[in-house]
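Generate coordinates for the entire structure from the input sequences, incorporating the hints supplied.
Chains as they are written, first to last, in the numbering used here: chain A, 323 to 735; chain B, 323 to 735.
Any given hint could turn out to be false.
It does not matter which identical chain is used: a pair holds within one copy or between any two.
Stated by the list, open to error - Calculated cross-link-like contacts (lysine-lysine; reagent style DSSO-like; alpha-carbon spacing at most 27 Å):
1) K372 <-> K416
2) K388 <-> K371
3) K542 <-> K510
4) K372 <-> K388
5) K371 <-> K717
6) K371 <-> K725
7) K416 <-> K682
8) K495 <-> K536
9) K542 <-> K416
10) K388 <-> K495
11) K416 <-> K653
12) K653 <-> K545
13) K682 <-> K518
14) K492 <-> K510
15) K416 <-> K545
16) K542 <-> K653
17) K510 <-> K372
Hints in this document: simulated from the structure, not taken from any laboratory. Remember, predicted model here, so these are calculated numbers, not experimental data.
2 protein chains.
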Amino acid sequence: MQPLTGFRDFLPPACAERNYIFSKWRETARGYGFVEFDGPLLEELDLYKKKSGDEIVRQLYEFVDKGGRPVALRPEMTPTLARIVAAEHRQFRKPLKWFSIPQVFRYERPQRGRLREHFQLNCDIVGEESPEADTELIALAIDVVRAFGFTSRDFVVRISDREFWTELLKLEKVPPERWEETLQTIDKSEREPREKTQERLGKLAGPVFEIFEKGGESAKLNKIIENLRMRGLGDFATIDVRIVRGLAYYTGVVFEVFDRGGKFRAIAGGGRYDQLIAQLSDNAISLPALGFAIGDVVLGEMIRSNPAAREQMERIFASERAVEIYVVIAKEDQREHAIAMMQQLRDRGYRVDYSLGEAKVARQFRLAEQTGARFAIVFGDEWPHVGLKDLATAKQESIAHDKVLARLASISA
Amino acid sequence: MQPLTGFRDFLPPACAERNYIFSKWRETARGYGFVEFDGPLLEELDLYKKKSGDEIVRQLYEFVDKGGRPVALRPEMTPTLARIVAAEHRQFRKPLKWFSIPQVFRYERPQRGRLREHFQLNCDIVGEESPEADTELIALAIDVVRAFGFTSRDFVVRISDREFWTELLKLEKVPPERWEETLQTIDKSEREPREKTQERLGKLAGPVFEIFEKGGESAKLNKIIENLRMRGLGDFATIDVRIVRGLAYYTGVVFEVFDRGGKFRAIAGGGRYDQLIAQLSDNAISLPALGFAIGDVVLGEMIRSNPAAREQMERIFASERAVEIYVVIAKEDQREHAIAMMQQLRDRGYRVDYSLGEAKVARQFRLAEQTGARFAIVFGDEWPHVGLKDLATAKQESIAHDKVLARLASISA
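Take a look at the structure:
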């Protein structure tokens with residue numbers, strides 16, 4: 323009777339929380355002029371084998387379908403985006419500013435903040451080389467987190483540039499086939515003992531640790547920070563060369579969002595992947611691109627553990643009544659009138675409920691209160707008048723049935 | 323570069339159409355007091371093997387996960403709902419009125435109106451025996467289709483009762499293990515030549531054809547039709563014994579929604595499945611239940627082919643601007659001011675875009691118009707004044723930069 327390990331049932335309260343997160347995501351991305359797209363949940367296995375990097379491929383939900391095709395549940399959205407853009411970009415003015423809210427799947431050991439499925443907001447800009455695009459994307463990542471009530475005391479974006487590291491790898495003559503592994507080691511270094519990183523890096527350990535200590539500066543990153551300051555978002559960002567990102571396809575500026583308290587995993591992350599579309603299209607199309615993703619699991623934990631963020635969410639839940647009007651049938655011979663009225667109310671957009679089975683009047687009122695309805699409309703002896711009861715004040719007025727709609731409209735106005 | 327056969331890429335225009343459908347679905351279900359839930363996309367294979375019937379099981383996307391578990395992509399939502407309700411129902415007042423919008427998957431030959439994936443609105447009532455619940459559910463199914471601008475000239479709900487058929491099977495002493503196959507044959511009879519149905523039914527053909535001709539009547543169905551009339555929905559419904567539904571678990575009233583013109587497959591369908599929760603919980607919990615599903619593929623085709631429905635959709639698209647305000651940077655030294663203003667506008671909920679790369683002023687205005695923005699704000703020589711241009715009328719006013727927000731608010735109000 324349980325869902326699979328690492329998968330979630332969304333009972334109505336959890337689903338409301340998810341819808342709240344999705345709606346803030348959509349609202350913020352649209353504020354930046356992003357438009358929504360989506361792709362298939364299942365893709366050809368090759369799409370990921372080629373481009374996502376070994377770690378993701380090891381964690382794929384992959385199988386052979388009934389037609390003999392090797393397929394996989396999407397572990398991330400970027401390969402799908404790159405595939406769609408390579409095929410369809412001519413229809414659209416560049417730069418594209420696209421977002422999506424895919425569910426993604428990875429077979430790994432479930433642990434706090436990491437399940438086998440989660441939802442992500444993905445925001446990508448395609449067809450723009452200028453660092454202003456990197457800034458726009460980072461600003462959006464910041465505003466997506468701010469939308470939930472978090473401030474610069476709660477979180478920070480750590481910004482880096484893969485070119486720090488790829489230039490070092492070139493300088494040290496590391497063969498290209500070892501780059502991915504080396505970048506992964508640098509990416510993981512914060513979460514592992516220094517000795518382990520040292521051992522894995524071998525003769526590279528010295529120069530890498532030197533860069534860690536001295537930090538990084540570049541005209542490009544300084545410009546990004548300066549532009550974030552113009553937006554009033556300077557307090558949310560810092561340069562940090564340790565950020566590398568685990569995925570294979572990043573080429574330039576990369577960033578990750580963390581809570582200041584260090585209690586959670588990375589909340590969000592992304593960067594530039596200028597080569598991916600060319601690689602997927604066998605160099606038929608070359609378009610610079612960059613994007614980030616934020617997941618619902620860590621974000622949900624953060625919201626629940628932050629009083630201001632939780633209060634904002636609960637305030638919105640309280641303002642959304644599942645039921646606005648409850649129809650009480652006090653006399654069974656009034657059912658016909660009650661049901662006709664209910665349909666009229668629903669046609670006008672009110673959320674209306676009633677007791678499907680026959681029930682005592684007291685019980686119907688109790689149900690009305692439990693649903694959180696604002697009004698009850700009572701059909702009883704007074705027909706063609708009905709009772710309109712405000713369930714908060716318990717005040718009831720008698721009103722001609724054909725005046726109810728106008729009366730409700732005047733109260734809402 | 324293509325998606326898998328039978329799977330869809332949702333480019334922004336298609337995604338907007340999908341969001342329009344989802345939003346009408348949510349709005350209508352909530353109008354009936356339904357609350358949203360969701361379950362996992364992947365479930366244990368057994369959940370479907372036991373209860374969904376042979377046809378669905380043959381079409382499952384099934385595989386063994388990396389932990390050795392036989393699993394399947396959900397082909398329908400009802401088994402997940404039944405599993406969740408059996409485990410969690412004590413937390414909730416009955417009857418439950420729950421809806422969900424799952425994506426579901428079946429490996430079958432893709433054809434018009436039927437892909438290998440689609441989205442469904444599922445609405446279910448759990449814990450209510452009275453036929454008023456059947457009526458409430460059928461009324462919701464009607465209103466879900468009406469929400470897109472369709473009338474009783476466009477579609478009809480055909481209502482039946484499986485008990486017509488199960489009573490016949492009992493009477494004719496058909497062994498229970500042959501019921502499912504027989505019901506499937508009756509279900510398919512409309513889409514197959516009479517001879518084929520006759521051959522499959524054998525000695526049952528006579529009594530079955532007799533019921534087809536004479537039609538069905540029952541106190542229960544008449545009560546449902548009468549209640550739909552009270553709601554003003556009588557014109558949308560008819561009794562039709564040929565409706566059986568393909569799934570194994572239905573026990574009582576069943577119904578399907580069709581376009582009057584007969585151009586499309588069934589738009590929606592559902593019914594009572596009073597035994598399913600007991601079966602899934604090994605008789606630990608018994609709760610009467612009923613539900614229906616409507617898919618996005620046939621509905622989308624119907625909307626696009628019906629002038630009134632298409633016009634309603636396009637009117638809503640036209641009213642939703644992807645970009646409201648476009649920021650034009652006429653002098654590069656004004657970028658700082660432009661970007662600061664943009665952030666203020668976005669913080670107040672406006673959808674704002676600008677040119678990420680440096681561009682000539684004429685080109686920026688062209689981009690502004692292409693995005694469909696209502697206003698451009700121009701940062702040039704006049705600072706601390708800026709230009710506020712109405713892109714529909716081409717009228718431009720000069721305004722102090724710190725008065726822009728108030729001016730925009732007064733125009734919107």
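Which of the numbered hints are not met once you compare them with the structure shown?
5, 6, 10 and 13
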